[in-house]
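Can you make the complete structure from the sequences, with help from the hints?
Chains as they are written, first to last, in the working numbering: chain W, 1 to 285; chain P, 1001 to 1266.
Among the clues, some could well be false.
[Said to hold, decoys possible] To give an idea of the chain W side of the interface with chain P (calculated C-beta under 8 angstroms), a few residues: (1) 90; (2) 93; (3) 94; (4) 96; (5) 119; (6) 124; (7) 125; (8) 222.
[As the list claims (entries may be wrong)] Each pair of labels, with its calculated beta carbon distance range: (9) 1167/P with 155/W: 14 to 24 angstroms; (10) 75/W with 1138/P: 43 to 53 angstroms; (11) 1252/P with 155/W: 50 to 60 angstroms.
For the record, the hints were derived by calculation from the structure and aren't laboratory data. Idealized CB from N, CA, C, for every residue including glycine.
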Amino acid sequence: MSAEDEMLPAYSQQFLPDVIRELTSSGPISEITPEWAWGGSTGQGVRVAVVDTGIEYDHPALGGQVYGGVNIDWDDTAKDKVRYEPVDQPIDLVGHGTGCAGIIHSIAPEAKLYSVRVLGTNMKGRAYQFASGVDWAVENGMDVVNLSLSTARQDYFAMFHALTDDAYFKNIVLVSAVSNLLEPSYPSLYSSVISVASHAGRDPLTYYYNPNPPVEFGAPGIDLRVAWKDKGYVISTGNSFAAPHITGIVALIRAKHPDLTPFHIKCVLWACAANVHRGNPGAAS
Amino acid sequence: MINPNDPKDNPLAEELGRLVQAVAAAGKATLPGSPDALLSSIVEAAASIFGAAAASILLVNEAEGVLEFKVTYGASNRDLVGTRIPLDQGIAGYVAMSGQPIAISDVAQDTRFNRDFAQSTGYVPRSILATPLTSGERILGVMEVLDKINAPSFGMQDMELLGLFARQAAIAIDQAQSIEHLGEALVLSLKRLAASDAEHPSDSLLVVLDSNPDGGSQNDLLKLADLLNEFSRLGEAEREMGLKILTVFSEYAQNQRRVNLGEGWR
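In structure tokens:
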């Protein structure tokens, strides 16, 4: 391993070409192929929330597929300490949320996108704003939720655990980027979410499964051209951009197979990962 | 008549008041140089290792919702230290808000991103790598390096390497902030202690802790601590010389006082 390889972002080392473990599927699961899982799907009608810095919804990279959303700000005077306001302007504070939305749209062009802005000037309330955003997505009928952010705050461990279990039981798939720093990050480390780190490949539909959790999947996240604020584009790097690839693929799967639950979908993702090879369909798994 | 709740009549409370002042002064006096000097050297080292044209550290000011340039190095047409940018804008703001590092390059020259950045810094970068400065769960600020020389962008490997520099910087900032607030922290914990003991209410103690005993002399004490710290930084000989001058002056002042009181020379 070169010195360069050793310094990938945290949790991404598992997805280096010479580290990726080759796995074999067997039994009926080995009959699941990407063609069966998402072939021909455009993500039509699937609702995808992007919990982030907002979305510049008139950005050309989004094809007018943003259907609404909410801005969540800290407010000491409000009953729940946060204020909810509907999204009525195409504002992304930074460009990051637009970047994530653009990746999802490029994979699932007919999925409906929703912006859940939870980042703002308040530093103290940000973990709570984030939790409120996940809750909003769960309570507003989203099918897939992209979480390209996380919190390291231990006192939010239980709150996020309850939220993610709630999503799981309500048939909502949460896709969570793991932290780029080697630190605990919630909710990415829970088994009820699909956690994602980066690999250095460029093909948007090529991803890997890591048999040594907590991080389960590796998708492109390095030196990607992503949409940014002011109708712009930048080249960017971070696990933040790996998660939306899996979110897009999940949207494709959900549009084609609406009866699949979050645990089915994780299984389908596993079966279609580039490092999982189809064995003998007749053998017991 | 002696009133035990009057700090003047309570030697313990009075002594404690003096102790709090001394602790605050001692904290300042032992501050390892100016933390800015250490941070400057970290930023300079980071810039040179990454081959970056510029680098800086910005600190979070939670109350005002801004990031403030603390130290800077390299290309910029004016001194940025002290310049503030809103927390909810730009790359550094994103890093502070999200607690996540990010690498960005190929920023189109005509975006508002660049105009804003140019306005606030007088310098338009083509590539940025920014990482949070954290202490436990708290975000202290952001460290960023701009424009890798001889490369179009900062790579993945740069991200983790900058994280190592950021850790050093965060420790330095955290320690300096703790030491600076030593006196305040002591007052706060003593107050909690005094208030928590319902059986033995220590009103006089609270009075002492609540009062800012003789703000003038407190400030003078801190100035003196700064001065001693400065002497120490200059070197051992300078520190000794400084102390000697102060001692001589103290003796002189005491003698003057005796003369004025009519005690005469002994």
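> Looking back at the hints listed earlier, which ones does the structure fail to meet?
Replying inline: Structure breaks hints 1, 7 and 10.
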